[in-house]
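Q: One-letter residues, chain by chain:
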Amino acid sequence: MSPQRRRRLGFAVAGWTVTFLLIAPFLWMVLGSFKTTVDFLAFPPVFVFTPTLDNYRQVLADNSFLHYTLNSTIVATGATALGLLLGIPAAYALARWRRTGIGVVLLLARMAPGIAFLIPLFVMFLELQLVGSYVSLIASHLIFTLPLTVWMMIGFIEAVPIEIEKAALIDGCSLVGVLLRIIVPLTAQGIAATGILAFIASWNNFLFALVLANEKTKTLPVAVLGYIGYNSIQWGTLMAAATFITLPVLVLALCVQRYIVRGLVAGAVTG
Amino acid sequence: MVDVAAAPRAPVTPRRRRDWTPELLSLPALVAILAVMGFPLLYLGWMSLHRWSLVGFDPPRFVGLANFAHLVQDERFVEALGRTFWFTALGLASNLPLGLGIALLMHERFPGRSLCRALLILPMVATPAAMGLVWVIMLDPTLGIVRYLLGAVGIDHPPLWLSDPDLVVPTLVAVDAWMWTPMVALICIAGLAALPPEPFEAALVDGASALQRFRYLTLPMMLPTLMVAAMLRVMDLLKLIDIVYVMTGGGPGHLSETINLYNYLAALSYDKIGYGSAIALVLFAIVIACTLVLIRLRRPAS
Numbered sequence: 001m002s003p004q005r006r007r008r009l010g011f012a013v014a015g016w017t018v019t020f021l022l023i024a025p026f027l028w029m030v031l032g033s034f035k036t037t038v039d040f041l042a043f044p045p046v047f048v049f050t051p052t053l054d055n056y057r058q059v060l061a062d063n064s065f066l067h068y069t070l071n072s073t074i075v076a077t078g079a080t081a082l083g084l085l086l087g088i089p090a091a092y093a094l095a096r097w098r099r100t101g102i103g104v105v106l107l108l109a110r111m112a113p114g115i116a117f118l119i120p121l122f123v124m125f126l127e128l129q130l131v132g133s134y135v136s137l138i139a140s141h142l143i144f145t146l147p148l149t150v151w152m153m154i155g156f157i158e159a160v161p162i163e164i165e166k167a168a169l170i171d172g173c174s175l176v177g178v179l180l181r182i183i184v185p186l187t188a189q190g191i192a193a194t195g196i197l198a199f200i201a202s203w204n205n206f207l208f209a210l211v212l213a214n215e216k217t218k219t220l221p222v223a224v225l226g227y228i229g230y231n232s233i234q235w236g237t238l239m240a241a242a243t244f245i246t247l248p249v250l251v252l253a254l255c256v257q258r259y260i261v262r263g264l265v266a267g268a269v270t271g
Numbered sequence: 272m273v274d275v276a277a278a279p280r281a282p283v284t285p286r287r288r289r290d291w292t293p294e295l296l297s298l299p300a301l302v303a304i305l306a307v308m309g310f311p312l313l314y315l316g317w318m319s320l321h322r323w324s325l326v327g328f329d330p331p332r333f334v335g336l337a338n339f340a341h342l343v344q345d346e347r348f349v350e351a352l353g354r355t356f357w358f359t360a361l362g363l364a365s366n367l368p369l370g371l372g373i374a375l376l377m378h379e380r381f382p383g384r385s386l387c388r389a390l391l392i393l394p395m396v397a398t399p400a401a402m403g404l405v406w407v408i409m410l411d412p413t414l415g416i417v418r419y420l421l422g423a424v425g426i427d428h429p430p431l432w433l434s435d436p437d438l439v440v441p442t443l444v445a446v447d448a449w450m451w452t453p454m455v456a457l458i459c460i461a462g463l464a465a466l467p468p469e470p471f472e473a474a475l476v477d478g479a480s481a482l483q484r485f486r487y488l489t490l491p492m493m494l495p496t497l498m499v500a501a502m503l504r505v506m507d508l509l510k511l512i513d514i515v516y517v518m519t520g521g522g523p524g525h526l527s528e529t530i531n532l533y534n535y536l537a538a539l540s541y542d543k544i545g546y547g548s549a550i551a552l553v554l555f556a557i558v559i560a561c562t563l564v565l566i567r568l569r570r571p572a573s
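Residue numbers (our numbering), protein chains in the order written: chain A, 1 to 271; chain B, 272 to 573.
Calculated from the structure, these hints are not laboratory results.
Glycine included, every Cβ here is placed at the ideal spot set by N, Cα and C.
Mixed in with the good hints, there may be bad ones.
[To be verified] Partial selection, computed: residues in chain B whose CB lies under 8 Å from chain A:
#1 D513
#2 L539
#3 A551
[To be verified] Covered by chain B, per the in silico footprint, the following chain A stretches (three or more residues, Cβ under 8 Å):
#4 64-75
#5 238-251
[To be verified] Computed footprint of chain B on chain A; a stretch qualifies when at least three of its residues, placed anywhere within it, have a C-beta under 8 Å from a C-beta of chain B:
#6 109-119
#7 195-207
Could you put together the complete structure from these sequences and hints?
A: As structure tokens, then:
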């Protein structure tokens with residue numbers, strides 16, 4: 001074997017080992033979700049066992065869990081759609097007219113702790129009797145979906161050649177027409193990527209739902225805590241629930257992996 | 272004779288009006304930002320000057336800066352502040368070298384490299400609350416896989432991790448590092464790809480060792496990239512809450528309580544809205560200050 005090939009083999013082994021270690025918790029989670037309680041309580045842990053779907057049956061038979069899934073979907077879809085609707089025109093304006101100052105606003109939004117918005121929003125929504133409503137959750141999630149959309153879309157719009165727009169304007173197209181008939185179709189892929197990132201950010205958000213949701217509107221990240229409270233941990237069910245919550249996110253994220261870091265730079269209000 | 276006054280005037284054009292199109296297009300977003308961010312922040316400032324409780328019948332009472340003055344006497348706050356900096360320091364000390372290391376590895380060519388890079392994104396996008404609980408199970412002192420794996424390499428009496436007063440913070444940092452080191456790595460991979468090849472070729476010709484090339488070329492040239500990664504990590508580490516909330520709830524005692532967690536508890540569990548607002552403002556100020564320091568370090572005054 002040539003030294004060149006041996007070198008490459010060494011890097012392959014090291015690279016794959018690191019990758020395996022990083023995704024091992026996911027593998028263990030999925031594996032655990034198929035274990036019976038007996039298998040789960042075995043020590044040393046078993047790697048080969050007769051898989052069972054009981055955990056998933058139990059999670060899905062729980063009506064409230066499906067209800068929380070619906071909540072998560074409604075809130076994430078609403079916050080994403082609203083973010084795109086408000087964010088795309090703003091991003092267009094910022095990309096083409098270069099108003100400065102937006103960078104500072106985006107950076108401030110990135111730095112602000114979520115709790116700084118949550119305390120006043122909680123009091124305001126309490127006054128408006130909106131605590132526990134989808135409206136309060138969707139509105140509050142705009143805090144991260146909107147800056148994320150603006151930030152991502154500025155980049156995508158700047159990549160569209162401006163000559164097309166000029167030609168359209170000369171031909172008598174209105175600005176709104178340019179936005180709808182040129183910018184939106186030409187950045188469709190970017191919009192999809194942005195939408196997915198916003199959806200993930202909203203789906204994963206814990207603190208906002210913890211504060212603003214009630215028993216009826218709470219989302220999955222808060223609901224999953226229910227499996228660990230009280231006296232005992234329902235290990236298998238918890239693993240199944242965790243798999244159920246994270247799997248859609250992981251699949252969506254792999255679709256837009258090129259943009260993930262750019263999205264995280266802008267829009268993760270993590271706490 | 273030509274009358275000067277009758278000289279042909281400039282072609283008549285309407286006075287160029289200011290173009291309001293960009294303002295109109297960004298107006299909806301601006302209104303939304305003011306409604307959910309701008310106004311709440313002002314309200315937060317107002318609340319921080321009051322003794323404010325939601326339960327009971329006492330109306331908010333103006334107390335000036337008393338809430339801020341109370342912060343320095345609040346041991347739990349001071350401890351949480353120090354602990355948060357400890358979290359941040361440990362986080363940076365682990366994320367940056369590991370991230371750069373993974374990036375250097377993924378920068379080399381090997382079969383399956385692009386798949387490895389794609390899989391790197393998974394820990395940072397998985398729902399933190401759910402993965403925190405998965406880690407609780409893996410770290411379980413009796414039945415956890417971590418105990419088993421350590422036993423397999425000869426460590427028979429591993430610590431209690433999340434219940435150990437000395438290890439709870441490092442353990443939480445490790446879980447946070449699992450989530451976010453890959454992000455640092457991806458940022459560094461992009462940075463490495465953008466480095467000019469010439470200095471490295473010259474160093475090879477001059478017979479520099481791999482270690483020398485790293486020490487005198489890669490590391491200094493990667494510093495700006497590392498600063499960006501550090502900035503992002505500092506912003507998030509100072510605000511750490513999700514995994515602490517689900518994994519320890521701030522325990523044992525308050526030994527893993529971060530500022531953000533104490534802030535949440537003070538304002539919304541203990542119903543000290545005014546005091547909690549003051550903490551939130553201080554936390555916001557700390558994040559801004561630390562970020563500005565890092566931005567400053569990025570562009571050293573010449």
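Q: I'd like to know which numbered hints this structure contradicts. Please list them from smallest to largest.
A: 4
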